[in-house]
Each structure stands twice: as C-alpha cells, then as structure tokens.
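Colleague: Okay, here's what each chain looks like letter by letter:
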Amino acid sequence: MSTPASEAPEPMKPPLPDGIVAFVKRDCPTCELVAPVLAALAKEAPLTVYTQDDPAFPDGAPRVDDTDLAVSWHHGIEAVPTLLRVEDGVEVERALGWHRGEWEALTRTTDLGPGLPELRPGCGSLSVDPSRAPELAIRFSGSMLKARRVEIAALEDEQEAFFDRGWTDGLPIVPPTESRVLRMLEGTTRAPDEVVATVPPDLAPCTVEKVAINAVMAGCKPEYLPVVIAAVEAACTDAFNIHGLLATTMSAGPVIVVNGPIRNAIGMNAGKNVFGQGNRANSTIGRALQLVIRNVGGGRPGEVDRATLGNPGKVGFCFPEDEEGSPFAPLNTEFGFEAGTNTVTLFPGEGPRTIVDQIARDPDSLCHMFADALRHMLTPKMVLAFDAIVVVSPEHSRIFREAGWTRSDLVKRLHELTLMDGDDLVRGAGGIADGLPETVRGNQIPKFKPDGLRVVHAGGGAGLFSAIIPGWANGEMGSAPVCRAITP
Amino acid sequence: MTTVLLDPSNEAVPAERVRPARLTALAGKTIGLLDIRKARGDVFLDQLEAKLTERGAAVIRYAKPTFTKPAPIDLRHEIATQCDAVVEALAD
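The listed protein sequences correspond, in order, to chains S and Z. Under the working numbering, the first residue of the first sequence carries the number 1, and numbering increases by one thereafter. Under the working numbering, the first residue of the second sequence carries the number 1001, and numbering increases by one thereafter.
Isolated chain S (complex conformation):
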C-alpha cells in the first residue's frame, strides 16, 4: 500500500515500527485478558506493544513506554487494546478491543487465545480521557493556534492584566487559556485559521481562532461558537454596517435573534425574562460578538464608539424566538429561509420598551395599542428612517392565534394604524419645535418602510405585555437587518 504525499506522516508524528503494533494499559481488564495472547504473538511475529500506564505491562512481550501518550495521541488510539498492522511505516489494518476473528485475520495466525471468550470490548485509551485530552492537544498540537501568547506572572492577576490591556468590556472575563480555546474550537468544524470576516473599524481580518478566544472570554460554551461565528459574519456585512452602528452617537447596538433547532440544543431561553439575566447562552453570545468588535475590530467606547447614552444591551443582546409557541412563521422565513433552519438575524436596535395591554381581547384592539406605542418611537415626528421589532409575548399572541391572524395580517394592520397625519408632523405641531417641513401638511406618511416592521414571538407565559425594540438609521443610509445561516 502506498501513501499519497498529502497523507504522508507529519514530521512530528512518531513513526510506528513495521509488523504488529498493540496499544494497552494495565488498568483495563480486556488488556489483562489478552496479555498472554500478546506474549504468544511475540514469538510468531514482529510485535511491539505500547503501554500507556505501566511500562512493565504486559509480561513477555516487547514493550515501549508510552506513558507520555505521545504515540497513542498521534496515532488516534481511542480504545485499548488496539491492534495495528504496519507495513512500510504505514498503518494498514486496525482492530479495537479483543475479537478473536479480527485478531487472527490481522496477525495472519490461527488459534489465538484458545481459552478466551470470542469477544470482549476494550476500555477507553488514556489519550482520549477527558481529563487529559485538552492538555495533550496543547502539548502535541498547540502550535495550531496562531495568536500571540501573553504570559501572566505568578503574582499577577490575570483579570487585572486583561483590564489593563483594554481587552474587556468592564466585566471580568474567562481567561483564554490554550486549553479553553482548543475546547472552544471543538464547537466548530471550521479551521482555526479560516478568516470569518473583516471587522470594523480597524478592518482587521478575524479568524475562527480569534472568535474562539473572545467567545471563551465572554463565557460561551463550545456549542455556542457556530452562533457567534454567524453573528460576526452577519455583523460585518456592508448591509448591516457595524461600523456605523458602532460609531453612532445614538443608543443602538447589535441585537441578535436566533432561530432554528440550535436554540434548544444549546439551551437558550425564549421564555420568562427573555431579555434579562440568567441564561448563559443568551447572556454570552451577544457579549462574544461585542468583544470581537472591541478586541479584533478595535471598536471601543469613547473612541470610535461615540454613543451619547448607549444602552445596557451593548454588553450583549441576544435572544431566541419562541417558535414552538408562536402562531406566526419564524422570523427567518421573512428572509427566505425554510422554517427550522438555524439562523441569526442581526438587527440594529436599542433597549426594549414594554407595551402593557391587559384589556384587549381582539386583535384589532391590541393592534391599536401596539400602533400607538410605535407612533411615538424615538420621536412622534420621526417617520420612515427607523425600523422596529415588535416582540409579541404568548398571552398577546394567543389573541392573534384565536383570531387566525398570520404575521403578515399583523404587520399589514400595524402599517395601516401607524400612518401619520402630516399636520401632526410639521415643525411646531404639538408644541414640539422639531418636525418636518410644512409641505407634508395634508398628507399621510407611513411611520415605517414597507419592510420596516419585524415581528418576533418570545417571553414568559404569564403577562399581557409585549415590547418594541426600536431600530437605528435604516437601509442604505445606515443598517439593514441581516439574516444568516448558522453552519457547524
């Protein structure tokens, strides 16, 4: 068997001797069981036994000490005993555990272990033991990480070291050790050196590895990483314009809405206190995006971030849609995705404000209440320039469900009810100096662009409240919502 150049062993990979090669540990009953078989094999074939825990085991066979697990790790040994056939330095056959037929076929012998059972599964290899694997990965493949190493002295506090370098958002971070970053990278199939996006304002290329480092710092679990990566990709599009959203004096920041089965798979909260504290995925995914903008993009408050007031959601604002309880098709279907697709939708938004309506029992009454709140969004004089998300909670959505309303029924009615009377919009109207020129008098002007109202279903099961998340300068002039598939 020949090996193509592309599959040639890596220079650091310890070579295997030709012949039969076994990996064992004493702390494995199956390895103890086959020890006499290995001793017998040693007399008939060139045999080398790599031993993972006790260099004196097994008796009677040529042993190599692999207690540092270098050979086991590099050759991907997952169970012991593992038996390999090696020809010209290349593994050509592999058998896991004890299976007489397989061992005889691999060793070209017969009557192996006559007193033994036919089959006995093995144990886990020490090289994949969860308590050792991350440390081994660093020892043997740590070089795959390209980021600069920052040494923190024994008497130095690592939190303070990161605060001092300006690498946090003002809250403590999880120190990004090599083992934590490697574990984080297990959350994606993408290569660490793959460039995810060019991040403003410094227009710095951002690799999967840099996203992973910042995701560790934010407190993410590895399974959140694909969501964070998709959010970074979506944020750094020209349409979303994270540069402008960062630099603006207005209060908005990136708001992430997650759709698809991944919401439940990673344990996000779409129910009670959906915008609040207490759920790790909700709290850390948005924070990871903001740390990427800060650290990779160089976008820091007081520098390129010129916000006059900002909002608490700028630490991170991410929540999933409650698709299961919704009478409406999921948000991502508005962007052309099939329901059930994992996506992030980025929206340039500020803090949510509550709409209370505890009396409405029919959709039209509720729409009037929503519309009244929407007409006053930002200013009662502002039209067409800002979008909004209406977050409908379960007790309100029940009213629409019972009446058979779809998302488009709701959006259409809200557009009708937010048509603004030009006479109310002119400068000075309502005692407010701000406003539009006199030319709008006598006209009706929509508060929102045709695609300027988005509906998301979320919140706890008790409480006749919904919410508005006001947007920021919309469309070509500023930022448009961007929906992007989450890929593994």
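Calculated from the structure, these hints are not laboratory results. Every residue, glycine too, gets a C-beta built ideally from N, C-alpha and C. Among the hints, a few may not be true.
Listed next, the in silico BS3-like pairs over lysine-lysine satisfying Cα-Cα at most 25 angstroms (straight line) [said to hold, decoys possible]:
hint	chain 1	residue 1	chain 2	residue 2
1	S	Lys449	Z	Lys1029
2	S	Lys449	Z	Lys1038
3	S	Lys381	S	Lys412
4	Z	Lys1064	Z	Lys1029
5	Z	Lys1064	S	Lys449
6	Z	Lys1038	S	Lys381
Residues of chain Z clear of chain S, computed beta-carbon distances all greater than 10 angstroms [said to hold, decoys possible]:
hint	residue
7	Leu1005
8	Glu1011
9	Ala1025
10	Ala1050
Please build the complex by placing chain Z on the supplied structure of chain S, with the hints as guidance.
Modeller: Leaving out everything else, chain Z in the frame of chain S:
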C-alpha cells in the same frame, strides 16, 4: 508559575505615515470640502467655500454616500490626488 493566555486582539501594528506639511498660505491652493452628509452640512460648507475662495483658494466639493459609513476608497484617493488639503465636515 506563569499562566499563558492568548491575545484576543487583532495584534496589528499600525503603519505610521508622515503627515504632509501644513499649508503656509491658501492662495493658489486646492482645498477639498468633504460633506459627510449630515443634515445642513452643505450650509456649513457653503460658508466655508465662500471664505476660502475670498482668500484665493480653489475649492472642490465632495460628498460621502452616507454619514454612517467610511468614505469609499476611490473617493479618498480622488481627494488625495486633486487637493492640497481637505476639510471634512459635519454640522447637524
């Protein structure tokens, strides 16, 4: 024992470029006026253009497509090749 952590930043070393010398006079120079598209920026720049022209400078007007995004690279290059100095402005 030291702890080794990974740098979360872009690790970029900014390229430093020498600034062109300050203009000592305006007469005979070409001054770019870049409107960033904030409301009433044009009013402000009109005033500036009048003052500059009075002092013998030639003025070329430019505008960004929107104030929320950086000026496109081609526009920046155009200004750099056509002008001796540029005023980027604002108003609101």
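Colleague: Work down the list of hints and note, for each, if the structure agrees.
Modeller: These are the hints, each one checked on the structure:
| no. | hint | verdict |
| --- | --- | --- |
| 1 | Lys449(S) - Lys1029(Z) | 45 angstroms, violated |
| 2 | Lys449(S) - Lys1038(Z) | 21 angstroms, holds |
| 3 | Lys381(S) - Lys412(S) | 21 angstroms, holds |
| 4 | Lys1064(Z) - Lys1029(Z) | 22 angstroms, holds |
| 5 | Lys1064(Z) - Lys449(S) | 23 angstroms, holds |
| 6 | Lys1038(Z) - Lys381(S) | 18 angstroms, holds |
| 7 | Leu1005 | 5 angstroms, violated |
| 8 | Glu1011 | 5 angstroms, violated |
| 9 | Ala1025 | 34 angstroms, holds |
| 10 | Ala1050 | 25 angstroms, holds |
The structure fails hints 1, 7, 8 (numbered hints given earlier, in ascending order).
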